[in-house]
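Produce the entire structure from the sequences given, and follow the hints as far as they go.
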Amino acid sequence: MIGLGRFGSALAGTLERLGHDVLAVERNPGIVQHFSGRFPLVEADATNPEALEQVSAKDFAAAVVGVGTSLEASMLITGNLVDLGMPQIWAKAITPEHARILTRIGAHHVVFPEADAGNRVAHLVSGKLLDYIEVEDDFTIVKMRPPRETQGFDLAQSKVRTRYGVTVLGVKSPGEEFVYATPETRVQADDILIVAGHPELLERFAARP
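When we follow UniProt numbering, the leftmost residue of the sequence shown carries the number 1, and every step to the right adds one.
Among the clues, some could well be false.
As the list claims (entries may be wrong) - For each label pair, taking beta carbons as the anchor points, the in silico distance ranges come out as:
hint, residue 1, residue 2, range
1, Gly37, Gln188, 42 to 48 Å
2, Leu130, Gly30, 35 to 41 Å
3, Pro96, Asp138, 32 to 38 Å
4, Gln188, Glu72, 53 to 59 Å
5, Arg120, Gly85, 31 to 37 Å
6, Val135, Leu84, 46 to 52 Å
To be verified - Straight-line distance between alpha carbons at most 27 Å, and here's what the computed DSSO-like set of lysine-lysine pairs gives:
hint, residue 1, residue 2
7, Lys159, Lys172
8, Lys143, Lys159
9, Lys128, Lys159
10, Lys172, Lys128
11, Lys143, Lys128
12, Lys143, Lys172
These are computed hints drawn from the structure, not numbers from a lab.
From a predicted model like this one, the values you see are computed outputs, not experimental measurements.
No residue lacks a Cβ here, since even glycine has one placed at the ideal position from N, Cα and C.
Okay, here's the thing in structure tokens:
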């Protein structure tokens with residue numbers, strides 16, 4: 001993990017909790033001191049290829065470039081990782097132009113954390129959705145409360161897929177474990193549904209009273 005801003009520090013901490021071997025690289029001594037002890041990290045300037053060699057970056061299966069405020073630094077670090085032969089390089093981008101350059105340099109995956117978060121929150125704020133995960137442009141998974149017309153009926157009776165073109169993947173009842181949905185799954189008012197489908201169709205289904 002290179003760069004310990006909000007994105008990088010959150011990612012490094014989560015990977016560490018999930019049991020992955022993590023090494024964070026940050027050139028700002030104040031930030032290094034702030035995160036000292038939370039996960040393995042070193043103070044180094046990753047725009048210098050020798051620094052990446054000294055921390056044995058090539059021994060890791062993947063590298064994440066979390067630097068976004070300096071486009072020059074972001075591109076230099078990505079290029080250095082490409083030169084090292086990193087098998088997987090993930091890079092944070094701020095703009096589409098930034099993303100195109102990172103891809104041309106050799107980044108295998110480019111992410112837009114701020115834009116993705118804004119898009120997700122917009123869907124949550126504007127409707128009845130409890131969570132929103134966009135898998136592809138035309139396929140999304142949401143967590144939502146059941147519309148009134150589905151409450152007290154099983155999925156075969158409410159015909160959600162036929163009427164709305166979306167698929168209920170599972171149901172979580174209060175105090176119960178999550179269960180995968182079947183045609184016989186009965187939906188109650190206080191249940192939470194996991195539903196998949198086209199974003200527009202999901203919004204339309206979630207908007208039902």
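To see whether the hints hold, each was checked on the structure:
Here the CB-CB span from Gly37 to Gln188 is close to 46 Å, well matched to the stated 42 to 48 Å. Restraint check, Leu130 to Gly30: a C-beta distance of roughly 38 Å satisfies the suggested window 35 to 41 Å. For the pair Pro96 and Asp138, the supplied restraint of 32 to 38 Å is violated, since their beta-carbon distance comes to about 20 Å. Range check, Gln188 to Glu72: about 56 Å between beta-carbon atoms, so the 53 to 59 Å window is met.
A hinted range of 31 to 37 Å for the beta carbons of Arg120 and Gly85 is consistent with their spacing of about 34 Å. Between Val135 and Leu84, the C-beta spacing of about 31 Å breaks the proposed range 46 to 52 Å. For the suggested pair Lys159 and Lys172, the alpha carbons sit about 19 Å apart, so the restraint of at most 27 Å is met. A threshold of 27 Å between alpha carbons decides the hint, and for Lys143 with Lys159 the separation of about 18 Å falls inside it, so the pair holds.
For the hint pairing Lys128 with Lys159, the CA-to-CA distance comes to about 20 Å; that is within 27 Å, so the pair holds. Restraint check: the Cα-Cα separation between Lys172 and Lys128 comes to about 17 Å, which is no more than 27 Å; the hinted pair holds. Simply put, Lys143 and Lys128 have alpha-carbon atoms about 9 Å apart, close enough for the 27 Å limit, and the pair holds. Annotation: proposed proximity of Lys143 to Lys172 holds, straight-line Cα distance about 10 Å (limit 27 Å).
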